[in-house]
Amino acid sequence: MILLTMITTIFTIFIICFSSNQSFVFKLSDAFFIVGFIYLFIALSIHVRNIGFFKTLSYNKYRRNYKKLNELNLTDEELNNNKNGPKKFYDFFIEKYKKQVSNALFYKFAIPLILISFILSFI
Numbered sequence: 000m001i002l003l004t005m006i007t008t009i010f011t012i013f014i015i016c017f018s019s020n021q022s023f024v025f026k027l028s029d030a031f032f033i034v035g036f037i038y039l040f041i042a043l044s045i046h047v048r049n050i051g052f053f054k055t056l057s058y059n060k061y062r063r064n065y066k067k068l069n070e071l072n073l074t075d076e077e078l079n080n081n082k083n084g085p086k087k088f089y090d091f092f093i094e095k096y097k098k099q100v101s102n103a104l105f106y107k108f109a110i111p112l113i114l115i116s117f118i119l120s121f122i
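Numbered according to numbering that gives the first Met the number 0, the sequence shown spans residues 0 to 122.
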């Protein structure tokens, strides 16, 4: 959280110092909107990564790569029954997603920054 606060502060100061001849309030509003939008985009991309469809695509890619690396000409059924074969669907995701990044922190920063930007734009 401290890192996001520092990034927000540095970017806001940069925008305020180097933007065109606008009033201070509009510069601040622009900076908060840009940073808030970037954080919202990051949070939404993390959310999409955690959706089941993309997990299925990731698992199928893992199975294809496993076949290529081992140069197996097995069908999917034979590959599932192979004891030394690729991990099962559940085991694959337990290992891959055990250190999940939470998007809650990005939402906590993005939404207030965008709301503050919206309020400042009408002042």
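Calculated directly from the structure, the hints in this document are not laboratory data. Hints are not guaranteed to be accurate.
Said to hold, decoys possible - Between beta-carbon pairs, the in silico distance windows are:
| id | residue 1 | residue 2 | range |
| --- | --- | --- | --- |
| 1 | I1 | K66 | 41 to 51 Å |
| 2 | S101 | F10 | 14 to 24 Å |
| 3 | S101 | R63 | 41 to 51 Å |
| 4 | C16 | N69 | 16 to 26 Å |
| 5 | F25 | K87 | 51 to 61 Å |
These figures come from a predicted structure and were not determined experimentally. C-beta: ideal position from N, C-alpha, C; glycine also.
Hint check:
For the pair I1 and K66, the beta carbons lie near 45 Å from each other, so the given range of 41 to 51 Å is met. Taking the beta carbon of each, S101 and F10 are about 22 Å apart, inside 14 to 24 Å as hinted. The supplied range of 41 to 51 Å is broken by S101 and R63, whose beta-carbon atoms lie about 30 Å from each other. Judged by the Cβ atoms, the range 16 to 26 Å given for C16 and N69 is violated: they are separated by roughly 57 Å.
Separated by about 56 Å at the C-beta atoms, F25 and K87 satisfy the suggested range of 51 to 61 Å.
Of the numbered hints stated above, those contradicted by the structure are hints 3 and 4, listed in ascending order.
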